[in-house]
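**Student:** Starting from the structure of chain A, add chain B where the hints point.
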Amino acid sequence: MSTTPLLEMRGINKSFGVVHVLHDVDLTIYPGQVTALVGDNGAGKSTLVKAVAGIYPLDSGEYLFDGKPVDVHGPKDASALGIEVVYQDLALCENLDIVENMFLGREVKKGPVLDETTMESKAREVLKSLSVRTVKSVRQSVSSLSGGQRQTVAIAKAALWNSKVVLLDEPTAALGVAQTRQVLDLVRRLADSGVGVLLISHNLTDVFEVADRITALYLGRVAADVATQDVTSRQVVELITTGTSTDFDGATAPSAKA
Amino acid sequence: MTDIISDAEEAGFANDRTQSNTLGEAVQAYVRRVRGGDMGALPAILGLVVLFIVFGLANDRFISALNMANLITQAGAIIVLAMGLVLVLLLGDIDLSAGVTGGVSAAVMGLAIAKHDLPWTVAVIGALLTGAVIGLVIGVLVSKLGIPSFVVTLAFFLGLQGVLLKLIGDGGSVRVDQEVIKGITKSNVPVTWGWILAVVVIAAFAALALRAHRIKVTKGLQHQPMAVIVAQIIALAVVVLGVTYVLNLNRAPNPGFTIEGIPYVLLLVIALLILWTFILGRTSYGRHVYAVGGNPEAARRAGINVDRIRVSVFVFGSSMAALSGVIAASNLGKVSTSSGGGNTLLYAVGAAVIGGTSLFGGKGKASNAVIGGLVIATIANGLGLLDQASYINFIVTGGVLLLAASVDAISRRRRSASGL
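Sequences listed follow chains A and B, in order.
According to the working numbering, the residues represented by the first sequence are 12 to 269, in order.
According to the working numbering, the residues represented by the second sequence are 3 to 422, in order.
Excised from the complex, chain A in its bound form:
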């Protein structure tokens, strides 16, 4: 926390028609840390993620990257900054293999021809750096992979582009115990490599296991923004469901804390 934030959103407001989804939301993502974004259904998690990813324009608020204000008007601006999003439904092409999926839309070319050699080597390199051991071959088609392996590929794809910030939308939602373990390990390694990770999750066990900080949303407002070791699971549940926690002194708006 001594480092400057990699990505900072200040006082974000976003409405859809008359529905005011995000109220003065602050979000901070630090390099090398996993920040968990928790909140009940409808708390505004997805909207916030899409605002960060540039899919939704902000009504008001500041968007700072590396401490400098930036204009993000679309997904391309966000990915140009080094922000990658792994959506819940993964968006992989089942008929393509792992390498082809990881480079989809950003193929390496030699003149007009695809440079398969470079792409396969790079894909191996990234999977190696993330210590991915579960895939049999980088040339196997995605349709042959399990849910956990697909999640792994999607995360590795996000890590491939020297990304600085990776947003993960419910990466363990559909996974079994062992696969969840693998994905959480991967999330940790991703952060340890210096990437700022934002983990959206409903599963507090996962959150407490892997996250360094927790940002709790309640009805479109930030209920708490705390270091994981300062809170208990019960307090976080209270923050998610009621917006406050009786015996938690840090449960004030982060603006007051700062």
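The set of hints was computed from the structure by calculation and includes no laboratory data.
Heads up, the beta-carbon is just placed ideally off N, CA and C, and yes, glycines get one too.
Just to be clear, a hint being listed does not mean it is correct.
Over the 10 Å line for every Cβ pair with chain B, so calculated as not near, a few chain A residues [unchecked claim]:
(1) Asn52
(2) Gly187
(3) His213
In silico contact screen, one side only, chain A against chain B (beta carbon under 8 Å); selected entries [stated by the list, open to error]:
(4) Ala102
(5) Leu115
(6) Lys120
(7) Val124
(8) Thr128
(9) Glu131
(10) Ser148
**Tutor:** Just chain B now, with coordinates in the frame of chain A:
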């Protein structure tokens, strides 16, 4: 080999193997893939062998040099049309108007030559442009308005038949007398040049395959065992030299005449096969076509302009249809009001699907069109030689198409069950 495996271990893939070590393992892996439902062109190749045996036994004229040359010229138009349909099918779309698009384009060419005395090059370009424009309109209607391609192209199927009637006039036809156009199917490559081309094709394939293999080995990438590469080269050499030999025999039915050499249409098909194999397999455009066919949403999120891919595929598909119409006109010597109608389209769809292209999108190759087109042409040719009534031809071809679609659907289910 050991250092490759240790490399892989170093790379952190506990189970990753950059190659199946032996020919035996490669064969086993292939058998597993086929069992798992990933059959590719295998059913079509087996079907072709069976058809050749059956028709060969039933009629001794079937396996003659003359008939083989006929078979190839008959298959040409079907194969080229099917290649265009493979593109459209890769997206999970269908083009029911492809046949009549070919007819209309051929009529444009025929009229340009016969009525307006334009050079054949201009006429053929006109035909290709006609196809491209039709494809453009279909593509825009499908991708921008979101009308299912089935409906748009059904409307074009009807509408373009009207256009063809208007262009040619009721019941009439346009003769195609131009030497070059007729030559596509009626002229042959000189025997010596045929042999030279055959050797060049084999040598080029061998050189490229060996070079790719060497690069993969030195960089420690996934590759096939050398024995498989050699087997592929030998198989290609046998087929190419065999076909060249048969076509270079004198096949004139009457003594005193000489008809020999590879029909030019075969060179055209091979050139198109190489072109589309290259585009689909080696360029990012081809990769994007597969991606859009596999998962349009994933493609869109990867920054691929899905609409542009869809429109371009219809443009290319209809241009191939136009070319197919030109070949058919060359073979027939005329363009009539029924050109491209009837069973033309179903033959081509059948060819693509029999060859191993999936009706569900995302899976298919240009070579599928060639193998499937040969199957369809063999059925038509063989049954014709047996003097069967044409109703048999329709029933058999329909049955084969249904069989191929069933194989596609079943193999798709097995693939998802076995996770291949």
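**Student:** Please flag the earlier hints that this structure goes against, numbers listed from lowest up.
**Tutor:** Of the numbered hints given earlier, the structure breaks none, since each of them holds.
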